[in-house]
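Take the given structure of chain L and dock chain R to it, following the hints.
Note that the protein sequences, when read in sequence, are chains L and R.
Position 24 of the first sequence, counting from 1, maps to 24 under this note's numbering, and the rest follow consecutively.
Count along the second sequence from 1, add 96, and you get the number used in this note's numbering.
Just to be clear, a hint being listed does not mean it is correct.
What the hints assert, rightly or not - Which bits of chain L does chain R cover? Going by a derived footprint, with three or more residues having C-beta under 8 Å, they are: (1) 5-16; (2) 19-33; (3) 37-43.
Hints were generated in silico from the structure; no laboratory data involved.
Please read these numbers as outputs of a predicted model, since none were measured by experiment.
The C-beta atom is built at its ideal place from N, Cα and C for all residues, glycine as well.
Residues per chain, in single letters:
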Amino acid sequence: MREMIYLPGVSTLTYDASRCNGCQTCTLVCPQGVFTMEGRQARIHNRDRCMECGACARNCEQNALTVQPGVGCAAYVIQTWIKGKDAACCGDIGCC
Amino acid sequence: MTPNRNGTLTTPNPSATKPGLGILSKVPTHATDACCPVPPAGPTAKKTLSERKIFSHQSLMGEVSSAVGPVPRLSTRLTLRDRWGGLKVRLGLKRNQYAVDPGLYAVGQPDQQAPVLVTANYKLSLDALRSELTDLDAWILVLDTNGVNVWCAAGKGTFATDELVHRLTTTRLDQVVAHRRLVLPQLGASGVAGHAIRQRTGFRVIWGPVRASDLKAFLKNPKNPAPAMRRISFTLRERMILIPMEISAALKPGAWATGAVLVIALVVGMLGKGTLPSVVRLMLLGIVAGGLGIIGGAVLAPILLPWLPGKAFAVKGATIGLAVAGLGHLILYSPMAAGLATALALMTMATSSFLAMNFTGATPFTSPSGVEKEMRLALPAQVMTMGIGTVGWLVAVWTG
Numbered sequence: 001m002r003e004m005i006y007l008p009g010v011s012t013l014t015y016d017a018s019r020c021n022g023c024q025t026c027t028l029v030c031p032q033g034v035f036t037m038e039g040r041q042a043r044i045h046n047r048d049r050c051m052e053c054g055a056c057a058r059n060c061e062q063n064a065l066t067v068q069p070g071v072g073c074a075a076y077v078i079q080t081w082i083k084g085k086d087a088a089c090c091g092d093i094g095c096c
Numbered sequence: 097m098t099p100n101r102n103g104t105l106t107t108p109n110p111s112a113t114k115p116g117l118g119i120l121s122k123v124p125t126h127a128t129d130a131c132c133p134v135p136p137a138g139p140t141a142k143k144t145l146s147e148r149k150i151f152s153h154q155s156l157m158g159e160v161s162s163a164v165g166p167v168p169r170l171s172t173r174l175t176l177r178d179r180w181g182g183l184k185v186r187l188g189l190k191r192n193q194y195a196v197d198p199g200l201y202a203v204g205q206p207d208q209q210a211p212v213l214v215t216a217n218y219k220l221s222l223d224a225l226r227s228e229l230t231d232l233d234a235w236i237l238v239l240d241t242n243g244v245n246v247w248c249a250a251g252k253g254t255f256a257t258d259e260l261v262h263r264l265t266t267t268r269l270d271q272v273v274a275h276r277r278l279v280l281p282q283l284g285a286s287g288v289a290g291h292a293i294r295q296r297t298g299f300r301v302i303w304g305p306v307r308a309s310d311l312k313a314f315l316k317n318p319k320n321p322a323p324a325m326r327r328i329s330f331t332l333r334e335r336m337i338l339i340p341m342e343i344s345a346a347l348k349p350g351a352w353a354t355g356a357v358l359v360i361a362l363v364v365g366m367l368g369k370g371t372l373p374s375v376v377r378l379m380l381l382g383i384v385a386g387g388l389g390i391i392g393g394a395v396l397a398p399i400l401l402p403w404l405p406g407k408a409f410a411v412k413g414a415t416i417g418l419a420v421a422g423l424g425h426l427i428l429y430s431p432m433a434a435g436l437a438t439a440l441a442l443m444t445m446a447t448s449s450f451l452a453m454n455f456t457g458a459t460p461f462t463s464p465s466g467v468e469k470e471m472r473l474a475l476p477a478q479v480m481t482m483g484i485g486t487v488g489w490l491v492a493v494w495t496g
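Excised from the complex, chain L in its bound form (with noise of 0.2 Å):
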């Protein structure tokens, strides 16, 4: 099975090494294999796996990960383009 990889270079997440605790709750939680531990601190493998889930930055207790989270769907893009970020959702239109 090919491995289904988006488009590169646009993930917003960021991570700063310096905060890391090496509690390797990242590399338990990313569903796309992003992190792995060299030594006691955790890497970023490979970024352009990453879906903007935020379940990293969510459960990184050092706050050592950011990223902008949201739902990687052209129809929740499209209602966040009309009514804003906030009132978007994408229930409705046969995503998620």
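For chain R alone, coordinates are given in the frame of chain L:
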């Protein structure tokens, strides 16, 4: 949904489940006396009748006693009705009315040491979970996500830290179990902060596998799960199961647009030079071109996704749209002028490209930044292609 392989089903204890009431009023989500559960009050009380009817009595296997009173026990076997309900949801019918009551449930005969599995109150999620728990004794804590699945609810902030803390309090789970561990689906991690749960409740969050089908294996060896359990997959089967929903989502706005365009075409045809049969034939060709676009973008694009060229879904959709249009000309359409043939192909391509782009919402690997980037380029191109195609087709309708 994975077929389950459960044994036989016992008849629910008639005194435990009063007909008509279902189990829902028995969920000890709020203060209950140990022997006399009172109907839940507060946010969970505003149930509609359709929500109450979702669990058939065959899905219930009486109750399990706990330190805070009886807890409804769920069968791990899906009934025909469960499957029928799931099928309807997959077809895009009543998709937004498939909620179950939040609160505590049991499978098997759980005791104070049994694991606690947390899920969303979307019935399809709960069905997927319980059907994987054959021969297992466990508590199931169902969060109120407004009937939305774990992944989307986590993204939308309903499968969230606050709701989990709230649900732990109302179910008094700390009295039900002696341990302090919660197994959460990994895809809930974008909504729930494990460390915050520990600080606020003392419960430790264990991130379970992505798929419920891996739960049994995970529970046997939670410290060292297979790496594949931690990764989202998007197999052919997982993509194909989404197709009915994609078609259904395409048809609703598609029907309006088609209706409007056909009215315009009819007016143009009447004013034009063609005879009525030739105008009708050309209108049918327009419908076929749109239909081929739906087949390309909502059926073939999901199936062939990994093999279609390009990373942007709009490109994948346009490619398969072109292929479908080509096939249409080879085997479906009768010979026609080159201008009309091109116009129909452009309509098919634009439709297919847009629908494939819309499929980003159903995939587990597209980022919002990427989708937005793609759309800024693709949407104007799709609108333009559709416009040129439609005008070309209308010209043909005009000339007959």
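Each hint tested on the structure:
By the rule of at least three residues with a Cβ nearer than 8 Å to a Cβ of chain R, the coverage given for the stretch 5-16 of chain L holds, with 7 such residues. Requiring three or more residues with a Cβ within less than 8 Å of a Cβ of chain R, the coverage given for the stretch 19-33 of chain L holds, as 7 such residues are present. Using a Cβ-Cβ cut-off of 8 Å, 0 residues of the stretch 37-43 of chain L lie near chain R, which falls short of the minimum of three, so the contact claim is violated.
Hint compliance for this structure: hint 3 alone is broken.
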